[in-house]
Amino acid sequence: GAVVSQHPSRVICKSGTSVKIECRSLDFQATTMFWYRQFPKQSLMLMATSNEGSKATYEQGVEKDKFLINHASLTLSTLTVTSAHPEDSSFYICSARVPGSGQPQHFGDGTRLSIL
Amino acid sequence: ELKVEQNPLFLSMQEGKNYTIYCNYSTTSDRLYWYRQDPGKSLESLFVLLSNGAVKQEGRLMASLDTKARLSTLHITAAVHDLSATYFCAVGSGGGADGLTFGKGTHLIIQP
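If you're matching them up, the sequences are chains A and B in order. Sequential numbering from 26 applies to the first sequence in this note's numbering. Sequential numbering from 8 applies to the second sequence in this note's numbering.
Derived from the structure by calculation, the hints contain no laboratory data. Where hints are given, some of them may not hold.
[Claimed, not checked] DSSO-like cross-link-like pairs, simulated, lysine-lysine; straight-line CA separation at most 27 Å:
no. : chain 1 : residue 1 : chain 2 : residue 2
1   : B       : 111       : A       : 91
2   : B       : 48        : B       : 75
3   : B       : 24        : A       : 91
4   : A       : 89        : B       : 111
5   : B       : 24        : A       : 39
6   : B       : 75        : B       : 111
7   : B       : 24        : A       : 66
8   : B       : 48        : A       : 66
9   : B       : 24        : B       : 63
10  : B       : 75        : B       : 63
11  : A       : 80        : B       : 10
12  : A       : 66        : A       : 39
13  : B       : 24        : B       : 111
14  : A       : 89        : B       : 24
15  : B       : 10        : B       : 63
16  : A       : 45        : A       : 91
17  : B       : 24        : A       : 45
18  : A       : 91        : B       : 63
19  : A       : 45        : A       : 89
20  : A       : 66        : B       : 75
21  : B       : 63        : B       : 111
22  : A       : 45        : A       : 80
23  : B       : 10        : A       : 91
24  : B       : 48        : B       : 111
25  : A       : 66        : A       : 89
Required output: the full structure, derived from the provided sequences and hints.
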């Protein structure tokens, strides 16, 4: 079945560090991928839509200069959290939808980011 | 702005019992999803509902969609402990090209 791979699964780093998270669609091409953030015991919030070959679309309240998104190929989107601070600590999850009617969005395994 | 309301947010039930989780959404949508999340894990797709009156079943779980009422239900039949998890409904629009708006989730605990 369709698989979305996300890497790394866990990052612990110091405040001020920039962190890059990769999201790959392993057996299908995804012109659009999505990035979500989930705080502990809360729901998922859509951060941005990553579009292959064009600029990402950010949700209201999400700083585009803080969360850099690059979708350079049909199977890879990256999210870079720049100059991360403790308040950026969260669970970041990407998703992609297999083309075709009735297909769900498949989610990566998530990246748990902890900023000290 | 699309809003998705889920209830209950917390549910503790005994094995063997039946229960229903409700998901209401505020604007017209062409697809509704149900996902399961185990602690510390990502989301597992359960159902995709595309049309009014759609009903899907997998094991002890059954999901339905009423687009006129903007309501979806996830029914659990004869619950077993392995179904303990957090269940999210999510709504998409724009032909599937948009990101999803999630409900707050239902934290389900099934006790022996």
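Results for each hint:
1. B:111 <-> A:91: Since the Cα atoms of residue 111 (chain B) and residue 91 (chain A) sit roughly 25 Å apart, the hinted pair holds (cutoff 27 Å).
2. B:48 <-> B:75: Not satisfied, since the Cα-Cα distance of roughly 34 Å exceeds 27 Å.
3. B:24 <-> A:91: Violated, at about 47 Å.
4. A:89 <-> B:111: OK: residue 89 (chain A) and residue 111 (chain B) at ~25 Å, within 27 Å.
5. B:24 <-> A:39: Distance ~48 Å between residue 24 (chain B) and residue 39 (chain A) Cα, so the pair is violated.
6. B:75 <-> B:111: 22 Å, holds
7. B:24 <-> A:66: Satisfied, since the Cα-Cα distance of roughly 25 Å is no more than 27 Å.
8. B:48 <-> A:66: 12 Å, holds
9. B:24 <-> B:63: Distance ~20 Å between residue 24 (chain B) and residue 63 (chain B) Cα, so the pair holds.
10. B:75 <-> B:63: The given pair, whose Cα atoms are some 18 Å apart, holds under the 27 Å limit.
11. A:80 <-> B:10: 26 Å, holds
12. A:66 <-> A:39: With a Cα-Cα distance of about 24 Å, the restraint between residue 66 (chain A) and residue 39 (chain A) holds, given a limit of 27 Å.
13. B:24 <-> B:111: 23 Å, holds
14. A:89 <-> B:24: Distance of about 47 Å is beyond 27 Å: violated.
15. B:10 <-> B:63: 23 Å, holds
16. A:45 <-> A:91: With a Cα-Cα distance of about 12 Å, the restraint between residue 45 (chain A) and residue 91 (chain A) holds, given a limit of 27 Å.
17. B:24 <-> A:45: 45 Å, violated
18. A:91 <-> B:63: Measuring from Cα to Cα gives roughly 41 Å; hence the hint is violated.
19. A:45 <-> A:89: 14 Å, holds
20. A:66 <-> B:75: Answer violated: residue 66 (chain A) to residue 75 (chain B) is near 31 Å, above 27 Å.
21. B:63 <-> B:111: 22 Å, holds
22. A:45 <-> A:80: 17 Å, holds
23. B:10 <-> A:91: Cα-Cα ~26 Å, so holds.
24. B:48 <-> B:111: 16 Å, holds
25. A:66 <-> A:89: Holds: residue 66 (chain A) and residue 89 (chain A) sit about 25 Å apart, inside 27 Å.
Violated hints for the displayed structure, listed by number in ascending order: 2, 3, 5, 14, 17, 18 and 20.
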